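Chemist: Got chain A sorted already, so can you dock chain B onto it with the hints?
Protein chains in written order, with the working numbering: chain A, 1 to 305; chain B, 1 to 305.
In short, the hints are calculated from the structure, not lab data. Keep in mind the model is a prediction, meaning the values are calculated, not measured. Hints may contain errors.
What the hints assert, rightly or not - Covered stretches of chain A, going by a simulated chain B footprint (3 or more residues, C-beta under 8 Å):
hint : region
1    : 40-48
2    : 77-90
3    : 98-108
4    : 112-121
Stated by the list, open to error - If you want the ones that stay clear, here's a sample from chain A, every Cβ over 12 Å from chain B, calculated:
hint : residue
5    : Ser93
6    : Glu181
7    : Leu183
8    : Ser252
As the list claims (entries may be wrong) - Cross-link-like lysine to any residue pairs, in silico, SDA-like; alpha carbons within 20 Å at most:
hint : chain 1 : residue 1 : chain 2 : residue 2
9    : A       : Lys80     : B       : Gly67
10   : B       : Lys80     : A       : Cys119
11   : B       : Lys106    : A       : Lys232
12   : A       : Lys80     : B       : Ala69
13   : A       : Lys212    : A       : Leu23
14   : B       : Lys120    : A       : Asp86
15   : A       : Lys80     : B       : Thr102
16   : A       : Lys212    : A       : Thr255
17   : B       : Lys248    : B       : Gln265
18   : B       : Lys80     : A       : Thr102
19   : A       : Lys80     : B       : Glu71
20   : A       : Lys80     : B       : Trp122
21   : B       : Lys80     : A       : Asp117
22   : B       : Lys120    : A       : Pro85
23   : A       : Lys106    : B       : Glu107
24   : A       : Lys80     : B       : Thr72
25   : A       : Lys80     : B       : Ala121
26   : B       : Lys120    : A       : Gly83
27   : B       : Lys80     : A       : Gln113
28   : B       : Lys80     : A       : Gly58
29   : A       : Lys232    : A       : Asp263
30   : A       : Lys80     : B       : Met59
31   : B       : Lys80     : A       : Ala121
32   : B       : Lys212    : B       : Tyr180
33   : B       : Lys232    : B       : Lys248
34   : B       : Lys120    : A       : Arg81
The C-beta atom is built at its ideal place from N, Cα and C for all residues, glycine as well.
Each chain is listed here by its residues.
Number of protein chains: 2
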Amino acid sequence: MRITALAGGVGGAKLAHGLAQILLPENLTIIVNTGDDFEHLGLYICPDLDTVCYTLAGMANPETGWGRAGETWNAMTNLKRLGAPDWFNLGDSDLATHIERTRRLKEGQTLSQIMRDFCKAWGVKHAVLPMSDQPVRTIVETEEGDLPFQEYFVHRRCEPRVQGFRFEGVGAAEPACGAYEALQSAEAVIICPSNPWVSIDPILRVIGEIDKPVFAVSPIIGGQTVKGPAAKMYRELGIEPSALAVAKHYRSLLTGFVMDSVDAQLAEEVQGLNMRVFVTNTLMKSLDDRMQLAKEVVRFIGEAI
Amino acid sequence: MRITALAGGVGGAKLAHGLAQILLPENLTIIVNTGDDFEHLGLYICPDLDTVCYTLAGMANPETGWGRAGETWNAMTNLKRLGAPDWFNLGDSDLATHIERTRRLKEGQTLSQIMRDFCKAWGVKHAVLPMSDQPVRTIVETEEGDLPFQEYFVHRRCEPRVQGFRFEGVGAAEPACGAYEALQSAEAVIICPSNPWVSIDPILRVIGEIDKPVFAVSPIIGGQTVKGPAAKMYRELGIEPSALAVAKHYRSLLTGFVMDSVDAQLAEEVQGLNMRVFVTNTLMKSLDDRMQLAKEVVRFIGEAI
Numbered sequence: 001m002r003i004t005a006l007a008g009g010v011g012g013a014k015l016a017h018g019l020a021q022i023l024l025p026e027n028l029t030i031i032v033n034t035g036d037d038f039e040h041l042g043l044y045i046c047p048d049l050d051t052v053c054y055t056l057a058g059m060a061n062p063e064t065g066w067g068r069a070g071e072t073w074n075a076m077t078n079l080k081r082l083g084a085p086d087w088f089n090l091g092d093s094d095l096a097t098h099i100e101r102t103r104r105l106k107e108g109q110t111l112s113q114i115m116r117d118f119c120k121a122w123g124v125k126h127a128v129l130p131m132s133d134q135p136v137r138t139i140v141e142t143e144e145g146d147l148p149f150q151e152y153f154v155h156r157r158c159e160p161r162v163q164g165f166r167f168e169g170v171g172a173a174e175p176a177c178g179a180y181e182a183l184q185s186a187e188a189v190i191i192c193p194s195n196p197w198v199s200i201d202p203i204l205r206v207i208g209e210i211d212k213p214v215f216a217v218s219p220i221i222g223g224q225t226v227k228g229p230a231a232k233m234y235r236e237l238g239i240e241p242s243a244l245a246v247a248k249h250y251r252s253l254l255t256g257f258v259m260d261s262v263d264a265q266l267a268e269e270v271q272g273l274n275m276r277v278f279v280t281n282t283l284m285k286s287l288d289d290r291m292q293l294a295k296e297v298v299r300f301i302g303e304a305i
Numbered sequence: 001m002r003i004t005a006l007a008g009g010v011g012g013a014k015l016a017h018g019l020a021q022i023l024l025p026e027n028l029t030i031i032v033n034t035g036d037d038f039e040h041l042g043l044y045i046c047p048d049l050d051t052v053c054y055t056l057a058g059m060a061n062p063e064t065g066w067g068r069a070g071e072t073w074n075a076m077t078n079l080k081r082l083g084a085p086d087w088f089n090l091g092d093s094d095l096a097t098h099i100e101r102t103r104r105l106k107e108g109q110t111l112s113q114i115m116r117d118f119c120k121a122w123g124v125k126h127a128v129l130p131m132s133d134q135p136v137r138t139i140v141e142t143e144e145g146d147l148p149f150q151e152y153f154v155h156r157r158c159e160p161r162v163q164g165f166r167f168e169g170v171g172a173a174e175p176a177c178g179a180y181e182a183l184q185s186a187e188a189v190i191i192c193p194s195n196p197w198v199s200i201d202p203i204l205r206v207i208g209e210i211d212k213p214v215f216a217v218s219p220i221i222g223g224q225t226v227k228g229p230a231a232k233m234y235r236e237l238g239i240e241p242s243a244l245a246v247a248k249h250y251r252s253l254l255t256g257f258v259m260d261s262v263d264a265q266l267a268e269e270v271q272g273l274n275m276r277v278f279v280t281n282t283l284m285k286s287l288d289d290r291m292q293l294a295k296e297v298v299r300f301i302g303e304a305i
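One chain only, chain A, in its complex shape:
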């Protein structure tokens, strides 16, 4: 089975990790949201790309959902002492990623070239692509005005009430080198359990129409998100957060939808949206959970297409 997966940070990274355990490198490409990327302290930071790569490399911090395991914080401690903006935490090992990425971008290398080299250095064998080599910036439109994503997400801790989203630069952004080919050769596309509004929508906007069967895994379980503000965003936009709401969000795209057992009572209504439904345990607490869900999703796709 040849798959292209679309992923944001934590939840998406976990399923991508599971897929990488069961699919050969030539059979899996992961296209990652870069709408959350930003410049901070003069460094170019790609939170979702780094989370996916660190997770696939087995280097991710399992506690936080971002950053690296066994991290030290001496640069950050000293940046704070010097009065530098300290709302975005950067570990010492993680800093190397941002410093070297920024250096190479300034030399004119593309983000996809750079991430390919980094993945090689980190021992990540599956292709991890930024959605685009051109900048796309997710802006969260809130009651307190427009906020760049990290400003909303980290600095303001998702507190301002959301009214909408826009993706600056998306009109001019091309899919990154290799993304088009991956989508062409894929038998199916998996939308990983990431935030539909701010992790997946930017990717979908960049890659445009998909002429392959698309399957989504709900990031909402029992009306809540495992991590992140997706459920809060749904509520503030006047939509009851649920697996059903996610299925409706992607509606026209989907051949099939994977949702958690705790939401089994919604399965019939989702089927009514004209898509196949698979109900299983989607909460990924362990590496085994990730592999198990990946296997089940791939099996479901195999049966559906």
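Modeler: Only chain B this time, still in chain A's reference frame:
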């Protein structure tokens, strides 16, 4: 006694530290070479300024002569793994200095403003000024061509034979804010035991004529430098490295010269250059040595002016 000291890295930093122990903040200003400054990995690095500040703050690594005590190297280890240029070592805590300095410079702050803030954060009470807020770049002219200073000093380990030096940008560089006032109000100027060619000459070129009594401490002891390439440079320029050669180098400037006891036999010849001479132990192995030399130099100046 109100003193302005001119300093480069290690040796200069040690005497500056000694002077800071015995002079009140209002009576000591240290003007530091910035000809060694360079951009590396997108960061603006000031080796001499940082060595002087770290030394005065009691944060310097006593083993290396550069960088910070108790340093960790996780960013560097990871930069190497990513294939980044790794010939210039940057510790995790030290990185914070370069990141925040670079960020502020890009915001339009001057180097002297930034270092004043940093000194405050580090608890350095004496004024430490860059020689200029404009860039001056020391170029080492060698048999293998021109090399920017750090390229020569760190990357090439001072191996290429030296033919001369030039200081790019020195014509347009003004003394940093406060340097002129410090020189005006000083009773004497001390040239610390730093490399005359590449640490002190750039400062002298920037600040121009000094109409105060100037005293130098020889960085050459028994024909050798405690650290750094000064003796090697003298030899390659066809000059026998000695305290006498240093006194001749600064000749027209000096009211007095301080040299080590092992060089006592040269004292008479130095006096013949029309300057007062003070012979003592100038090797600073401990903080006590630094204070002792500082006291003796200040006493010598007091008697000489």
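Chemist: All hints, please: hold or fail.
Modeler: Right, here's what the structure says about each hint:
Interface restraint, the region 40-48 of chain A with chain B: holds (3 residues with C-beta to C-beta distance below 8 Å; minimum three). With a cut-off of 8 Å between beta carbons, the region 77-90 of chain A has 7 residues touching chain B; three or more are needed, and the interface restraint holds. Given a C-beta distance limit of less than 8 Å, the hint that chain B covers the region 98-108 of chain A holds, as 5 residues qualify and 3 suffice. With 3 residues bearing a CB less than 8 Å from a CB of chain B, the region 112-121 of chain A meets the requirement of three and the coverage assertion stands.
Remark: the non-interface label on Ser93(A) conflicts with the geometry, its nearest Cβ contact in chain B lying 5 Å away (cut-off 12 Å). With a least beta-carbon separation of about 26 Å from chain B, Glu181(A) lies farther than 12 Å from that chain, consistent with its non-interface assignment. With a least CB separation of 28 Å from chain B, Leu183(A) remains clear of the 12 Å interface cut-off, as annotated. A cut-off of 12 Å between C-beta atoms confirms that Ser252(A) is not in contact with chain B; the least separation is 41 Å.
At roughly 19 Å between alpha-carbon atoms, Lys80(A) and Gly67(B) fall within 20 Å of each other, so this suggested pair holds. Distance check on the hinted pair: Lys80(B) and Cys119(A) sit about 14 Å apart at the alpha-carbon level, within 20 Å; holds. Of the pairs offered as hints, the one joining Lys106(B) and Lys232(A) is violated, with about 37 Å between alpha carbons and a cut-off of 20 Å exceeded. Proposed proximity of Lys80(A) and Ala69(B) is supported: the alpha carbons are some 18 Å apart, at most 20 Å.
The hinted pair formed by Lys212(A) and Leu23(A) meets the criterion: a straight-line CA distance of about 18 Å does not exceed 20 Å. Distance hint between Lys120(B) and Asp86(A) is fulfilled; the C-alpha atoms sit about 18 Å from each other, no more than 20 Å. For the proposed pair Lys80(A) and Thr102(B), the alpha carbon gap of about 15 Å is at most 20 Å, so the pair holds. The suggested pairing of Lys212(A) with Thr255(A) holds, with an alpha-carbon distance near 9 Å, which does not exceed 20 Å.
Only pairs whose Cα atoms come within 20 Å are accepted, and Lys248(B) paired with Gln265(B) is accepted, the gap being roughly 16 Å. Restraint check: the Cα-Cα separation between Lys80(B) and Thr102(A) comes to about 15 Å, which is no more than 20 Å; the hinted pair holds. Restraint check for Lys80(A) and Glu71(B): satisfied, since their Cα atoms lie roughly 17 Å apart, inside the 20 Å limit. Proposed proximity of Lys80(A) and Trp122(B) is supported: the alpha carbons are some 12 Å apart, at most 20 Å.
A C-alpha spacing of about 13 Å is found between Lys80(B) and Asp117(A), which places the hinted pair at or below 20 Å, so the restraint holds. Distance restraint check for Lys120(B) and Pro85(A): the Cα-Cα separation of roughly 17 Å lies within the 20 Å cut-off, and the hinted pair is therefore satisfied. A hinted pair counts as satisfied when its Cα atoms are at most 20 Å apart, and Lys106(A) with Glu107(B) qualifies at roughly 18 Å. Distance restraint check for Lys80(A) and Thr72(B): the Cα-Cα separation of roughly 17 Å lies within the 20 Å cut-off, and the hinted pair is therefore satisfied.
Annotation: proposed proximity of Lys80(A) to Ala121(B) holds, straight-line Cα distance about 10 Å (limit 20 Å). A threshold of 20 Å between alpha carbons decides the hint, and for Lys120(B) with Gly83(A) the separation of about 11 Å falls inside it, so the pair holds. Simply put, Lys80(B) and Gln113(A) have alpha-carbon atoms about 18 Å apart, close enough for the 20 Å limit, and the pair holds. For the suggested pair Lys80(B) and Gly58(A), the alpha carbons sit about 19 Å apart, so the restraint of at most 20 Å is met.
For a cut-off of 20 Å, the pair hint linking Lys232(A) to Asp263(A) stands: about 18 Å separates their Cα positions. Between the alpha carbons of Lys80(A) and Met59(B) the distance comes to roughly 16 Å, so the proposed pair stays at or under 20 Å and holds. Among the hinted pairs, Lys80(B) with Ala121(A) is consistent with the structure: their alpha-carbon atoms are about 10 Å apart, no more than 20 Å. At roughly 12 Å between alpha-carbon atoms, Lys212(B) and Tyr180(B) fall within 20 Å of each other, so this suggested pair holds.
Distance restraint check for Lys232(B) and Lys248(B): the Cα-Cα separation of roughly 17 Å lies within the 20 Å cut-off, and the hinted pair is therefore satisfied. The straight-line distance between the Cα atoms of Lys120(B) and Arg81(A) is roughly 10 Å, inside the 20 Å bound, and the hint therefore holds.
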